[in-house]
Amino acid sequence: MPHSQKNQSHKLEVGLQAEKEAQGLMGSQVPVAEEKKATASLLSSLIQGTPEVVPTAGTQSVPQSSQGACSSSTTIEAIPLSKSNEGSSQEESPSSFQAPTFLLGDVLNKKLAQLVQLMRVKYVTKEPITKAEILENVIKEHENHFPLIFSKACECMEIVFGIEAKEVDPTSHSYVLQKTLGLTYDGMLNDSQSMPKTGFLIYILGVIFMEGNRVTEERIWKVLNMIGVCAGQKDFIYGEPRKLITKDLVEERYLEYQQVPNSDPPCYEFQWGPRAHAETSKMKILKFFSKVNGVDPTSFPSWYEEALRDEKEKAQERAATGDATSAMASI
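Sequential numbering from 626 applies to the sequence shown in my numbering.
The set of hints was computed from the structure by calculation and includes no laboratory data. Honestly, I wouldn't trust all of these hints.
[Claimed, not checked] Once the Cα atoms are required to be at most 20 Å apart in a straight line, the calculated EDC-like pairs of lysine to aspartate or glutamate come out as:
1. K747 - D794
2. K791 - E758
3. K756 - E766
4. K791 - E752
5. K791 - E904
6. K765 - D731
7. K912 - E789
8. K747 - E792
9. K847 - D860
10. K791 - D811
11. K912 - E836
12. K868 - E842
13. K847 - E865
14. K756 - E789
15. K804 - D794
16. K868 - E894
17. K859 - E842
18. K872 - D921
19. K909 - D921
20. K916 - E783
21. K912 - D935
22. K847 - E894
23. K765 - E783
24. K804 - D873
25. K756 - D794
26. K916 - D873
27. K909 - E836
28. K756 - E768
29. K791 - E766
30. K804 - E783
31. K804 - E792
32. K916 - E894
33. K735 - E768
34. K751 - E792
Using the sequences and the accompanying hints, generate a full structural model.
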């Protein structure tokens, strides 16, 4: 793999770190001390944008930078703003993912955490959420900050859980929470405590795409181990991660897991499965990661060109299928 792509693949570890540590927003699910550390580290990792300043799992302090970071490991004090950077090529610069920040006080950050929790519950119960409900139950006297808090909560839901808020009634500002990127899997059990795993699936698909459309099991675990997700250790969001990626997602046909030909001792690798190809696309995955990092997809020419080829091939397949269906109907 070209050195520039290796640099950018390393960025996926930052995003996955953010996803894991974002469980700090789910305060009712984890010990308070762990929640506080995770919450601060989440926003720090998103703000810093470079692996060098992202604390590894278990780190208690949050590094500072000129871009701004959490000044305390007990609260979220900064939230990244997405920013398009069209027209610039950043594929050669691993430090180019620095994102601008917006500082919030402790009270507003608590409102953000509460809103993420409410949105997760609404997703589980399949109920819409309205602006009036958010103002009454979460924002309250901080109504002027609704646009910022709501937009940041939507970003958190999308990055962490792979769940997006879609407005269905502009008059009442009513939103439904749904899986993003066309995916239909969330891996949730039939209980209110389980967590959507769509975000985790998106990151795994992203790692595979950006590592050259196939990635060894060793590489996958290297990425996951960096954030404290280890085979055989049950995770509060993902369950038993090895079972999730080598069995559950394989049985769901999102991943293919097979031995590398002629490997001795045998080693295994992952590729996209047929359901992943059918439901989403390389372009959607690339746009997702570009959005998270505040850049334009064209900032990564090789990946963007590959994603365009993938889009063209899928369009040709759809056209061929349509022609065959029309021919059959005319018989």
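For each hint, the structure was consulted:
1. For the given pair, K747 sits about 16 Å from D794 by alpha-carbon distance, which is consistent with the 20 Å threshold.
2. This hinted pair checks out: K791 and E758 have alpha carbons roughly 16 Å apart, not beyond 20 Å.
3. With a C-alpha separation of about 14 Å, the suggested pairing of K756 with E766 holds against the 20 Å cut-off.
4. Among the hinted pairs, K791 with E752 is consistent with the structure: their alpha-carbon atoms are about 12 Å apart, no more than 20 Å.
5. About 18 Å separates the Cα atoms of K791 and E904, which keeps this hinted pair within 20 Å; it holds.
6. A threshold of 20 Å between alpha carbons decides the hint, and for K765 with D731 the separation of about 15 Å falls inside it, so the pair holds.
7. Under the criterion of a C-alpha separation no larger than 20 Å, the hint pairing K912 with E789 is consistent with the structure, at around 14 Å.
8. Between the alpha carbons of K747 and E792 the distance comes to roughly 14 Å, so the proposed pair stays at or under 20 Å and holds.
9. Using a Cα cut-off of 20 Å, the hinted pair K847 and D860 holds, with the two alpha carbons roughly 16 Å apart.
10. Simply put, K791 and D811 have alpha-carbon atoms about 17 Å apart, close enough for the 20 Å limit, and the pair holds.
11. Note on K912 and E836: the hinted pairing holds, with a Cα-Cα distance of about 16 Å set against a maximum of 20 Å.
12. Restraint check: the Cα-Cα separation between K868 and E842 comes to about 13 Å, which is no more than 20 Å; the hinted pair holds.
13. As the CA atoms of K847 and E865 are separated by approximately 16 Å, the hinted pair is consistent with the 20 Å bound.
14. For a cut-off of 20 Å, the pair hint linking K756 to E789 stands: about 16 Å separates their Cα positions.
15. Among the hinted pairs, K804 with D794 is consistent with the structure: their alpha-carbon atoms are about 19 Å apart, no more than 20 Å.
16. Restraint check for K868 and E894: satisfied, since their Cα atoms lie roughly 15 Å apart, inside the 20 Å limit.
17. About 18 Å separates the Cα atoms of K859 and E842, which keeps this hinted pair within 20 Å; it holds.
18. A hinted pair counts as satisfied when its Cα atoms are at most 20 Å apart, and K872 with D921 does not qualify at roughly 34 Å.
19. Of the pairs offered as hints, the one joining K909 and D921 holds, with about 12 Å between alpha carbons and a cut-off of 20 Å not exceeded.
20. Proximity of K916 to E783 is assessed by CA-CA distance (about 11 Å); at most 20 Å being required, the pair is judged to hold.
21. For the given pair, K912 sits about 14 Å from D935 by alpha-carbon distance, which is consistent with the 20 Å threshold.
22. Distance check on the hinted pair: K847 and E894 sit about 13 Å apart at the alpha-carbon level, within 20 Å; holds.
23. Of the pairs offered as hints, the one joining K765 and E783 is violated, with about 24 Å between alpha carbons and a cut-off of 20 Å exceeded.
24. A threshold of 20 Å between alpha carbons decides the hint, and for K804 with D873 the separation of about 18 Å falls inside it, so the pair holds.
25. Restraint check for K756 and D794: satisfied, since their Cα atoms lie roughly 11 Å apart, inside the 20 Å limit.
26. For a cut-off of 20 Å, the pair hint linking K916 to D873 is broken: about 28 Å separates their Cα positions.
27. Between K909 and E836 the alpha-carbon distance is near 16 Å, which keeps this suggested pair within the 20 Å criterion.
28. With a C-alpha separation of about 10 Å, the suggested pair K756 and E768 falls inside the 20 Å cut-off, and the hint holds.
29. Simply put, K791 and E766 have alpha-carbon atoms about 25 Å apart, too far for the 20 Å limit, and the pair is violated.
30. At roughly 9 Å between alpha-carbon atoms, K804 and E783 fall within 20 Å of each other, so this suggested pair holds.
31. For a cut-off of 20 Å, the pair hint linking K804 to E792 stands: about 14 Å separates their Cα positions.
32. In summary, the hint linking K916 to E894 is not supported, as the alpha carbons are separated by about 28 Å, beyond the 20 Å threshold.
33. At roughly 14 Å between alpha-carbon atoms, K735 and E768 fall within 20 Å of each other, so this suggested pair holds.
34. Between K751 and E792, the direct Cα distance comes to roughly 14 Å. Compliance with the 20 Å bound is thereby established for this hinted pair.
Against the hints set out earlier in the document, violations occur for numbers 18, 23, 26, 29, 32.
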